[in-house]
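**Student:** Sequence:
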Amino acid sequence: MSDKASIQRQLKIKSGAAKRLLKEHKSYILEAEQLKIKLDKFIADNAENWDIGNTYMALTELQVAAEKNPELVNDEEVLKTKDLLEEVSI
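Sequence positions in the sequence shown follow my numbering and run 12 to 101.
Bear in mind the hints are in silico, worked out from the structure with no lab data behind them.
Treat the hints with care, since some could be wrong.
Said to hold, decoys possible - Only pairs whose alpha carbons sit at most 25 Å apart, straight line, appear in this in silico SDA-like list of lysine to any residue:
no., residue 1, residue 2
1, K49, L90
2, K91, E78
3, K91, K15
4, K49, N65
5, K79, Y39
6, K93, L73
7, K49, K15
8, K15, A28
In this text the structure is predicted, and so the values were computed from the model without any measurement.
Generate coordinates for the entire structure from the input sequences, incorporating the hints supplied.
**Tutor:** Written out as structure tokens, the structure is:
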């Protein structure tokens with residue numbers, strides 16, 4: 012019986028961890044999208060260099076954090092953000 016209880020406990024823990032990672036992943040994607048929109052708006056409005064640079068740095072930091080997470084390395088949104096950062100930095 013304890014083996015069954017142990018397995019059930021591990022399943023509960025691991026499924027909770029998976030839910031947390033999914034929630035974190037979704038929040039990264041949402042934050043990245045919001046920062047992309049903000050950056051595009053600054054560029055379109057010819058905002059001050061400080062505003063553009065600050066938003067670019069925030070997006071870059073988020074990108075680096077996402078790349079360090081093994082679950083997000085090959086994620087489509089992470090790759091799109093990387094491409095956007097390369098395009099903006101040119």
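**Student:** Give a verdict on every hint.
**Tutor:** Cross-check of the supplied hints:
| no. | hint | in the structure |
| --- | --- | --- |
| 1 | K49 / L90 | holds, 19 Å |
| 2 | K91 / E78 | holds, 12 Å |
| 3 | K91 / K15 | violated, 44 Å |
| 4 | K49 / N65 | holds, 11 Å |
| 5 | K79 / Y39 | holds, 13 Å |
| 6 | K93 / L73 | holds, 10 Å |
| 7 | K49 / K15 | violated, 51 Å |
| 8 | K15 / A28 | holds, 20 Å |
Checked against the numbered hints above, the structure violates hints 3, 7; every other hint is satisfied.
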